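Based on these hints, arrange chain A on the given structure of chain H.
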Amino acid sequence: MLKNNRWINLAFQLAALLLAVIFTTLILLAAGAPPLEAYKNILMGAFGSLDNFANVLVAWVPLLLTTAGLLITFSAGLWNIGVEGQIMLGAIFTTWVMRLLQDTTMPPALILTLAILAGMVGGALWAMLAGALKTFGGVNEIFGGLGLNFVATALTLWLIFGPWKRPGVASMSGTVPFDDRLSLTVFTGLRLSPWALVIAVAAIVVVYLLLQGTYFGLRLKAVGRNARAAFLLGIPTWQYMMMSFALCGLFAGAAGAMQVVAVYHRLIPSISSGYGYLGLIVAMLVNYQALWAAPVALFYAALNIGSIQLPIVLKLDSSLSGVLQGMLVLFVVLVEGARQQLMKKS
Amino acid sequence: MNVELRNIHKHFGKVHANNDIHLNIPAGTIQGILGENGAGKSTLMKILSGFIQADSGEILLDNQPVIIHSPADAIHHGVGMLHQDPLDFPPMRVLDNFLLGRAGGLFPDRKTVARDFTRLAAQFDFSLDPDSYVDSLTVGERQQLEILRLLWLGARVLILDEPTTGISASQKEKLFETLRKLAGQGMSIIFVSHKLEDVESLCGAVAVLQAGKLVGEARPPFPTKKLVEMMFGREISLGARQAASSGRSVLELRGVALEDIRFQMSGIDLDVRAGEVIGLAGMEGSGQGAFIRACAGLTRPVGGRVVLNGRDLTGKSYHVFKHGGVSFLPASRLEEGLVPGLSLTEHFVLAEETRGIFIDRTAGHKLAEGRIKAFNIRGTPASPVESLSGGNQQRALLALLKSPLSLVLLEHPTRGLDIESVIYIWSKLKERCKQGAAIVFISSDLEEVLQYSDRVLVFFSGKVSKPLEASKTTVEQLGNLIGGKDWESLDLEKAHVKK
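So the protein sequences, as listed, match chains H and A.
Each residue of the first sequence is one higher than the one before, counting from 1 in this note's numbering.
Each residue of the second sequence is one higher than the one before, counting from 1001 in this note's numbering.
Just chain H, with the same shape it has in the complex (with noise of 0.2 Å):
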């Protein structure tokens, strides 16, 4: 008889993990590339240097922040399909705010602080609009959210091209970056912020004690798991599905504002890189457990990372990455559906 252990699922995750793996290396051979040499250059191009593996960490932060988010916004039996525009409103509202106070005297500690705050009230704002319209319009989280999505990239757009444009021609690379002064500080020579890094982790920590260990978490999942019973028990129903948007909100616009500070040091077109769409994918992956979040999502940013390095190194499209994730997701929900079917038969 099987039983239902750790041991077993972690195994029946490593099936799954295979099989991506294989199913990747049949679309390699039949585009007549050497499959090995592509993972080696993925590996590499994750993991073969200092400089490499920093930026894995660079992209870690951004999708540990919004999976973090997820968890919370999951918990509540929500899909925030709009966490990736949580993320750009977070960047537009950190790029604001440095605009506003980047010529004052003010010590650049203070402005971006504020900037980070402001990038997170923002992610908050555009995650409460897809909650009130939910609670309020009766909008589906997930019409709500991916309708707002695309208002956020064409805000975004319009602010480069239009209101926030460089001097002279506006462009896609965006608008003017920040003085040196103003940017996150960096380990010497990388792109890496420890701040950043910091906040992540302290962010993925402080979801899980939400979710494990408070009443707040305690609540939340009885309402994503059953609303109505939540409402009997006592619990206000719709104001914590508010409350859920607006932690996901935070953490989304905390990765934003990231990108901005940290990364890109000004508003670009593509500021949420995706990064939203992918934590959807993590926080599923993990099922919802908060511990595991942290090294799917560094896997996936590895894979992202790595196969930077493909179209240069053996003239591949990159979203070879893309391929492999994508098989990742189907084959781990195809094999969790394959163990709850032998399990029920044992």
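Simulated from the structure, these hints should not be mistaken for laboratory data.
Predicted, not measured: the structure shown is a model, and the values here were computed from it.
We treat Cβ as the ideally placed atom computed from N, Cα and C, and that holds for glycine.
Just to be clear, a hint being listed does not mean it is correct.
Stated by the list, open to error - Cβ-to-Cβ under 10 Å is the rule here; a few derived chain H residues that face chain A:
(1) F143
(2) T153
(3) L209
(4) R228
(5) A230
(6) I235
Quick look at chain A alone, frame taken from chain H:
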């Protein structure tokens, strides 16, 4: 058709739901299966009807071993099951429902089928219009439809799971008559119930299950006391009726008007006194649901005032009522009452007043252990609520109630529960009354209404009767009233009932 079950075993996790069951049902028998909730009756029937497969054991139909993979497979072998909640498609017509489940043919020959249907219905004296929609039928009529469908598909063994729940007395008579007729034609009928009287009046043989085991078989005349003992492993008696108390008013309704899609109710006046039990009787959907939800603040009255403990709470939300000492226990336990996926401990922690931000796990665990013991719940603090049986879920809901309470509102508190659970639950509710809470409950079981209430309100298509003294009312009177009869006499009677 002869049905024989040999050495049937079925495990669900650690639970041994069916433990080595042998049962032989000769053709033409009406076989009763008795047992309390969770005794393994449904599991056994699901195995026979192909919903689930036994871990081991054999099924023989007319002495031929068969393996039944699915319900479709079962009907192919001649085994049909009538479920407690009819498995039909309410938005579709009777004839379409009748057609479903029949194999073959892209275009059904509706004319022939309609003829078959009418002929079959006439045979059993069922008056079902093939063109009406199923959602306009009563539960009893839906059962009739389902029986016809199974017969038409060739069922030679008919399994009925708690078929007398939710149907009227006359429909029950007709059902029994039909079943006797079918048995006379050589069909085997398996009648699953926890209602002794039904089993006694209908069945030619009875098997009793307890905790997954077949503990006894009997033939008429049935030794009632012994059957009860076998079901529960001991003797059970109903609690004695308590005298009505006349405490202060907990809830006052003054000229309350309610609206529903189906009807309007107005001018409802009622004083609910501390310590008393008020039963709400009526056919499903006669207005008692809207009434009880209005008492909880879940529905807003369109007129009148609702006063709780002297405070006017008209139009306030449920959570205000809840703070005022009102608790509402819904009928659908897993849909509205409990949160599937959360453990018992987590439920108790949720229902308690919060202290600080972080949950004290040890305290929560201790709390759960205490409540589980006090309410005799079969489960552990870590058990997810959906793993509990219906009776234990209801106990858990009661265990979640806060103290002190002014008013407990319950929808069908004992629906689907066995006698032992019913008695237990009412003893716990009566304790609440002694502590000064008032109870208002809905039940479709008229005997329960009269047994446990001090006063009764009858609902009939949006009309509300004056409160009747339960001790001076009979089941027949109540039955007539919920069917809409004898309401004229009520106005005269109330004159001397009213104080």
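Take the shortest C-beta to C-beta distance between A230(H) and chain A; is it under 10 Å?
6 Å, holds
Hint status (Cβ of L209(H) to nearest Cβ of chain A, threshold 10 Å):
8 Å, holds
At a threshold of 10 Å, is the proposed contact between I235(H) and chain A supported by beta-carbon distances?
7 Å, holds
Min Cβ distance, F143(H) to chain A: is it shorter than 10 Å?
25 Å, violated
Could you check if R228(H) really has its C-beta closer than 10 Å to a C-beta on chain A?
With a minimum Cβ separation of about 5 Å from chain A (threshold 10 Å), the hint on R228(H) holds.
Per the CB criterion, is T153(H) less than 10 Å away from chain A?
Nearest chain A Cβ about 36 Å off; hint violated.
The structure fails hints 1 and 2 (numbered hints given earlier, in ascending order).
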